[in-house]
Amino acid sequence: MKKSKPKIFIVDDEAIIVSDLKCLLESLKYNVVGTALSSDEALYKVREAAPDVVLMDIVLIGSEMDGIEVSEVIKKELDISIIFLTGYADDEFLNRAQEVNPFGYILKPFQELEVKAAIEIAFTKKKAERKLVESGRRYRLLFENAPTINIIIGNNLEFQEVNSTFIETFGYSRTEIVGKPILDFVVAKQKQLLTDQLNIAQMGQFTPEIDIDFIAKNGMIHTVLLAAGEKLLYKGGEPESVILIGMDFTERKKSEEDLQHSEARLYNIIQKNADGILIIDKKGEICFVNPAAERLFGLCATDLIGDVFGYPAVNGDQTEIEIVRNENEKIFVELQVVETEWDGEKHFLASLRDTTARKAAEKKLITAYRELKITQEQLIQSEKLAALGRFASGVSHELKNPLGIILGGLEYLERKITPDDNDISITLEKMKKTIFRADKIIKDILKYSKPAELRKKKINPEEIIEEALELFKQKISLNNIVLEKKYDEQDFTIEVDRNQMLQVLFNILDNAIQAMPEGGSIKINISKENDMISRLIGGGENCVIEISDSGKGIPSKQLDQVFEPFFSTKKKGAGTGLGLAVVKTIINNHKGEISISSKKGKGTKITITLPINQRGKNEKKDFGNR
Amino acid sequence: MIKLKLTLYISGQTQKSAHTVKQLKKICDEDSQRTYDIEIIDVLKNPQIAEEKKILATPTLVRELPLPLCRIIGDLSNKEKVLWGLNLTPIETERE
Ligand SMILES: Nc1ncnc2c1ncn2[C@@H]1O[C@H](COP(=O)(O)OP(=O)(O)OP(=O)(O)O)[C@@H](O)[C@H]1O
Ligand SMILES: [Mg+2]
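Residue numbers (the numbering used here), protein chains in the order written: chain S, 1 to 626; chain V, 1 to 96.
Okay, chain V solo, but in the shape it has when bound (with noise of 0.2 Å):
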């Protein structure tokens, strides 16, 4: 089973915030190829990481691990797209 490390960059714990944060539990949660290990970074208060990784903006989801990194901006709703954005196929496994 693959296993992918995720990062999701949230400005502030407001409602939009959580909105997000259950969008992406959801596409995990529906996934059953893989597993997620999801790490949520409030910019607000971890500016300097949000410089140090050049966090232009917020919600931004950012695939770590495994290479190559990638970043979805906006919101999480359209699965496919977010899983599109993650150079993941919906379904199997990694494309490439």
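Okay, chain S solo, but in the shape it has when bound (with noise of 0.2 Å):
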């Protein structure tokens, strides 16, 4: 401290004062390095001298600054300590010449002593000072150029400073940062967590190192690790400050966000495939199993996995299995499976496709097929029914003739023979027989073959019924036949054929009693259909006529072919077997429909369905004899 003594700069705007004063100092061995009498002066010669410490007046008459105004120039500028040369103790003057942080005051008329303890605490004051600013210096140096983001927060946790990594890291510049809350240039939910930490640090304790998201001027977020360091003392009176060092792990972090991205989606994929997957050693034991896997055996994974599924010893990659998890349920699933690595070691990848809906679909198809296979040989069947029956049509027309002229002959010849003449008129008589029962056949053959044409009339369906009963009457109690009736009431007609009508029932009825030769019921229902679905699709209501017998039933391999034209189990003779296919071309041809079921044995019910024809409460008559 001693070996350089102080160079001095005096101002003040009394010359005798400067020199008084510049003799006691060269007197005292400091060195005068200039002087000066008003502010301009002052202000051009101390840049030039660059003294230590500057004796300034604060009142400078005649000059444009006084010296408070000087010194701070002075001061700004140049980093030059100041003491004040005051003659008086004016409370305004202190106040301000407080504000430039001055050195010391000497008072006017100088004491040798006081000048030199003044001058002497000013400069150690200053050697101090110069080596906070030498370490800060440093300190500034580390500061601004380490790699790290450096941060300096101000008591209301503004940024007071920041570093060369931090601007080019977040792209802000000092100006739009500086005074700023640190808090708006963070994501909004990690500012309470920040604040607690930067609370937390102000008060001097420790805090951990946390993670925090930075929103960068170009709007990005840059994660940062932030350690809070210890907090600065800043000269003496200022605010604590909290000196913040973070590194930016953006980078890092969101590879590693990435990866477990990645992961999370091929994860979510696994589970959420639809095939079932399972992992399996080469014992075959369930290493891993997906949720739909799970499904397929209806199991869970903890039931599963550690349970042997066994060596898929599959040909090439693919084959079929077969899951059964009840007695009724069987998944028909095709096994997929790739070597693949699990934990290390040699693992296979086994996916399971439930097959078991597509191999229904399959079937079914072929059932349609074959359906429609059946369907086109029927098509095909009765086009070639259709050409037998006008060929047979054409045949029964040719024999009706000659049968008319036998016929004749044959009464004739009757009229002619003598009541002795027994035999031949026995046989005359089986003559006339076979010919009536030539020409039912060929009635019956035209019938089929070129069904007359309809005379439809609406008629109440109980009427027709009762029309052929009372026709039948006879045959039916001499058959020890009982009857039962039950017809819905009827509010509605059906527009038939009355007498191809008949010939259905007939037909029917007759059938119902050969089949019953030691008697039994015969049961008629007519009712109304009330099929929603019909009357929606537009199809109308109809009228069901169900008539069933007790009889003995027709063997299930037959009943597809009671309708086929010469179809008959009947003696020879008995039956033509054209009974019931004139039945059906007759419904056929009133746009009914008419089926059969049966059980040996038990019985047979033909069901009749003919469409409504109108509503008809007003036609219905009254048939009394039920």
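In short, the hints are calculated from the structure, not lab data. A couple of the hints might just be wrong.
[To be verified] Taking CB as the label site, the calculated pair distances span: (1) V:K45 / S:T355: 20 to 26 Å; (2) V:L67 / S:T302: 23 to 29 Å; (3) V:K45 / S:Q318: 24 to 30 Å; (4) S:K570 / V:D29: 56 to 62 Å; (5) V:D29 / S:V338: 30 to 36 Å; (6) S:N588 / V:I49: 29 to 35 Å.
[Unchecked claim] Here are a few chain S residues that sit away from chain V, every Cβ distance over 10 Å (derived from the structure): (7) M65; (8) L141; (9) N155; (10) E158; (11) D211; (12) E257; (13) D307; (14) E322; (15) V337; (16) P402; (17) G519.
[Said to hold, decoys possible] No more than 30 Å apart at the CA atoms, straight line, and that leaves these computed lysine-lysine pairs for DSSO-like: (18) S:K363 / S:K346; (19) V:K53 / S:K282; (20) V:K45 / V:K3; (21) S:K363 / S:K443; (22) S:K330 / V:K3; (23) S:K359 / V:K5; (24) S:K330 / V:K54; (25) S:K75 / V:K54; (26) S:K602 / S:K485; (27) S:K486 / S:K591; (28) S:K346 / V:K54; (29) S:K432 / S:K443; (30) V:K5 / V:K25; (31) V:K54 / S:K359; (32) V:K16 / S:K364; (33) S:K432 / S:K458; (34) S:K528 / S:K432; (35) V:K81 / S:K45; (36) S:K283 / V:K54; (37) V:K79 / S:K330; (38) S:K330 / V:K53; (39) V:K5 / S:K283; (40) V:K25 / S:K283.
Every residue gets a Cβ at the ideal spot worked out from N, C-alpha and C, and that includes glycine.
Each chain sits in its own coordinate frame; assemble them with the hints.
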């Protein structure tokens, strides 16, 4: 400290004082490097002389600036210590002088000792401050150029200073940052966390490092691992600040996250996969199951893992297996196996696809195809029949005339023979019967092949049935047959050809009676089909006539043949096999449907469905004889 | 001569099951080194056995004796793989 005497500069508006002071200082071995009498001169000369201390008169009469103003400039520019010279202690001046943070005051008139003390103190202080500044500068350098993100925040958590790394990282300029609250630059959900941490740090307590997401100027989020340093005590009276040191981990974190993300994504894909996935080891033990596989087996993962599924001896890479969940549930599964690595060892990845539905669909398709083929065959068959029918009708016509002639001849002969010729008479009778039979066959063939024109009339179904029964009355009672009738209330009519409809009923009743040689019962039901679907699709309502008997029934394999012409199980001569064929033709010509159901030994039921013509309550006639 | 006891689990007497049985018979017949005692269990008829033995799917072939227990899932058309899965070498006797 003693090595170099401080360089001193004197500013006063009175030349006498200046020279007095100069003498005094030089006698005290100080180095006076210059003097000035005005503010201008002072500013100009001080810059040149670069003193350590300036003794400054507070009031500079005749100058543009007073001593305090000059001091402000000097301090700002040159970092020189100021000692004020003052003649009196004016409070206002003193308050202003305090702003410059002077090193001391010397009161005029000067006392040697006082001057010396003031200068020495100032000089020592200055040196100490220099040192401080020096270490501060070093510190600054570190702060500024470190590769870390360095931030100093003030009492109100505002940015006081940031370093170049911060600026490079976030893209803000210092003016955009300094003075603004740090929280403005942090993502919302972390504001509280950071505030808490900083408050703790401000109290001088240790805080752990935290990840904070900062928002850069370009909007990008940077994740910064932030450590709050010790609080800094700044220049005595200034508020306490905290230094924050951070590292930008955005890249690291991002790739870590990416990895986690893609793993999670893959896992998700496996979990959501519609195919079952199993990982099995070399011995066939299950190591992993996805939910789809759980569903396939009907077991949960905890049950399955550790179970032995089996070594997949799959030839190629695919096979079909079945999973039986219970007696009635068998699932078909396509098993596909590839080798894979699991926990560093060779394993199998088996994927299981439920093909049950597909199989069922295939089966349905095959059935549908088969059915299609059958209907096709039926179509062909019926076409053949039609052709046969056309042929038959031609033949029948041709036969009708000769039969008529033969019949005429027979009747002539009958008249001619004598009553004694019994033999001849019997023969003729037989011949006549045979001709009637032939005639009936011909009529049937004609009916079947060429339906007579329909003469339709609106009839109450009950009416026509009663008419038919009337004609069968005797036959029915003769054969010990009980008749049961159940007619629903009829507010409708059907439009049919009366004669043909009677034909239908005769044939059906005939068959029924023939099926019950030992008697039985015939049930007749009339009802209205209340089928919502058929009504919805515009098909209208139907009248349903059911005629069932308690006869011997029809073996199921014959059931689909009974409507075929010439199908008969009856004794030769007893049946032509045309009855039901004619019935079906007639019903179809009436846009109706007929079906037969039967149980061998139990009975047979014929169901006829005819479209209801229209509501005809008013047309209902009273047929009392039920 | 080594005697093996195998159990084949099938579900239902279907064509496929018959095919699997045929494949197994073929493998056994072609093996002159060992004799086989084969049992066939229909899991549809014996669900309780399937449950006891934890048969998860069919066809499953189990080597019951001699130990170790081994299991194969899927069709048996690949002889090498079947023998491998049963812990048997194609020629000679047991591995191990
Ligand atoms: N109600 C019935 N009970 C038992 N079998 C019947 C019944 N109705 C028809 N069948 C069987 O169907 C066959 C065909 O009947 P269908 O009426 O077409 O001819 P048919 O009675 O044999 O001869 P036809 O009626 O021409 O005199 C009969 O031979 C009989 O085997
Ligand atoms: Mg008949």
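A quick look at each hint next to the structure:
no. : hint                       : verdict
1   : V:K45 / S:T355: 20 to 26 Å : holds (23 Å)
2   : V:L67 / S:T302: 23 to 29 Å : holds (27 Å)
3   : V:K45 / S:Q318: 24 to 30 Å : holds (28 Å)
4   : S:K570 / V:D29: 56 to 62 Å : holds (59 Å)
5   : V:D29 / S:V338: 30 to 36 Å : holds (31 Å)
6   : S:N588 / V:I49: 29 to 35 Å : violated (57 Å)
7   : M65                        : holds (100 Å)
8   : L141                       : holds (72 Å)
9   : N155                       : holds (70 Å)
10  : E158                       : holds (67 Å)
11  : D211                       : holds (47 Å)
12  : E257                       : holds (39 Å)
13  : D307                       : violated (5 Å)
14  : E322                       : violated (5 Å)
15  : V337                       : violated (8 Å)
16  : P402                       : holds (61 Å)
17  : G519                       : holds (48 Å)
18  : S:K363 / S:K346            : violated (39 Å)
19  : V:K53 / S:K282             : holds (19 Å)
20  : V:K45 / V:K3               : holds (27 Å)
21  : S:K363 / S:K443            : violated (47 Å)
22  : S:K330 / V:K3              : violated (33 Å)
23  : S:K359 / V:K5              : violated (34 Å)
24  : S:K330 / V:K54             : holds (16 Å)
25  : S:K75 / V:K54              : violated (94 Å)
26  : S:K602 / S:K485            : holds (19 Å)
27  : S:K486 / S:K591            : holds (24 Å)
28  : S:K346 / V:K54             : holds (24 Å)
29  : S:K432 / S:K443            : holds (16 Å)
30  : V:K5 / V:K25               : holds (13 Å)
31  : V:K54 / S:K359             : holds (26 Å)
32  : V:K16 / S:K364             : holds (19 Å)
33  : S:K432 / S:K458            : violated (39 Å)
34  : S:K528 / S:K432            : violated (46 Å)
35  : V:K81 / S:K45              : violated (105 Å)
36  : S:K283 / V:K54             : holds (15 Å)
37  : V:K79 / S:K330             : holds (27 Å)
38  : S:K330 / V:K53             : holds (18 Å)
39  : V:K5 / S:K283              : holds (18 Å)
40  : V:K25 / S:K283             : holds (23 Å)
Hints 6, 13, 14, 15, 18, 21, 22, 23, 25, 33, 34, 35, counting from the list given before, are not met by this structure.
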